[in-house]
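**Q** This is what each chain is made of:
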Amino acid sequence: MILRTAGLSKRYGSHAALDGVDLAVPEGSVYGLVGPNGAGKTTLLAILAGLRRPTAGAVDCPLPRRRVALLPDTPQFDPWLTGREVVALARELVGAEVPAARVDEVLHDAGLVDAADRRVGGYSRGMLQRLGIAATVIGEPGLLLLDEPASALDPAGRREVLDLILRLRVRSTTILSSHILADVQEVCDTVGILRSGRLLFQGSLDSLLVGRAIPAYRVRVREPVAAVLQRLRGEDWVTGVEAEPDGGLRVGVRSLPEAELQLPRVLAACDARLVSLEPLAADLESVFLELTS
Amino acid sequence: MSLWRLEWLRLTRTRRLVALLGVYLFFGLTGPLSARYLSEILGAVGTEGVRIEFPEPRPVDGIAQFAGNVSQIGLLVVVLVAASALAFDARREMAVFLRTRVRGVEAVILPAYAVSTGAAVAALVCGSVAAWYETAVLLGRLPVARMLAGIGFAALFLAFAVALVALAAALVRGVLATAGSALTVLIAMALADNIGGIGRWLPTTLSGALPGVVNGTAPSRYLPAAAVAAALSAAALAGAIALGRRREI
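First to last, the sequence lines map onto chains A and B.
Counting in our numbering, the first sequence runs from 1 upward without gaps.
Counting in our numbering, the second sequence runs from 1 upward without gaps.
Wrong hints could be hidden among the right ones.
Said to hold, decoys possible - Chain A stretches covered by chain B per the calculated footprint, using a threshold of three residues with CB under 8 angstroms from any CB of chain B: (1) 39-50; (2) 59-72; (3) 262-270.
Hints are computed from structural coordinates only; laboratory data are not their basis.
Virtual Cβ for every residue (Gly too), placed ideally from N, Cα, C.
Extracted from the complex, chain A is given alone in its bound form (with noise of 0.2 angstroms):
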């Protein structure tokens, strides 16, 4: 682990921002921190960059205090800067053993070469998120903290932001909060749920999705769809079956191995002709609602 915390708490006068949290963060892992809004993701963050002090508890990270770096939400920026100029002082900043070169280096990563000699004034937001993320990487940080990094972005300044946390789970562990949990199931490999400052569950995502499995199938057949309904819901090993909008059938079974088993044989005696057939899996919202509600 890179970083474990023990009972880590956090009070503002009688409210518990964060309560008796341990956290675990394997190396090289991209941490999903989820949770929906006040549940103390934002604190929990400040505490682990050394911005805010624990009320209780303590934090344990082999690395020095500049190889963590943060990524705050909506990064801001004297505006009378440029690109260039806020890498480099970030650069000067965190040690003058990173070479000048580096610069350029994740100024490129972030899509920012043209932008470079810019004012950051005249940035839009997903420009100001890549610059953020761009000075938080040129200190090559062991542990990269961030922030909702997608959360205040378009479609498209979000899609760039996740490509680029893809490209730099190879290089640092990453802890990223966020409560778009689509973006959390693309890019993290292990997740922490937080509720009121409580962590509710913490592991892998397969873990977590898996566990929590529904068993069920979604089929699609394109004649004769009313035949396979009927015999479905005649068999023991069905739990439900339902008609979708699309045409597909949603089939609840007892269990993933005997619904293999029995499944073909159903509709091979009913001479459907099958379009597709797949397993349901929990999704991450799913899991989410069910934990947090």
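Please arrange chain B on chain A, whose structure you already have, making use of the hints.
**A** Below, chain B alone, put in the same frame as chain A:
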């Protein structure tokens, strides 16, 4: 790109340096002019039948006009310019950028303090030299050593005012709140000048040292205030650093 250069760019690219130099130069040029021609100006606009007589203007009047004007409007501009540099926690995102990268908050405070003070003193010197030249042309020569001593005391006062802004920035977050807090303390000090013998110990006394010394007051009279200003500047900076380290973002 160091934090020193960042502060220099803040001054030049945002025209704050132009504003500082402009205000001091403007009063440096107009102060002696108004002292020289005040009687003629008032005579030209005066009520018919009413005659106003002024004593013959002396060289010290030119400097006094300059010092009087810059001690208010000049100081206001200095405080606002310094607050814009030193209240770096005003916007969380920008504070995060700086605070997560430097070893200690003093790495941000000290360059901002030094560059702001340097710019304020440079503006004071430019304005004083302009006033000095114009006074010499219009009203007569000024004593060199006393002028230099007076400018030195005024510069020390500005250094104190900027240190006070640094302390205020560590206590409140916004730029205007920082400037307002510092100005409130400076005004309170100026009012306390009149209480008993306390005035000669207060740094605000130094804002009137330039015309005072030129007019014949012994420079040693301002030494207690200068010593207090230097000590309080150091204390204010140390306080700003200590409070800045403790602040949560």
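**Q** The structure should be examined with respect to each hint, and the outcome stated for every one.
**A** Quick rundown of the hints versus the structure:
1. 39-50: This one holds; 3 residues, not fewer than the three required, reach chain B with a Cβ under 8 angstroms.
2. 59-72: It holds: at least three residues are needed, and the region 59-72 of chain A offers 5 whose Cβ sits within less than 8 angstroms of chain B.
3. 262-270: Three-residue rule not met by the region 262-270 of chain A, so violated; n is 0.
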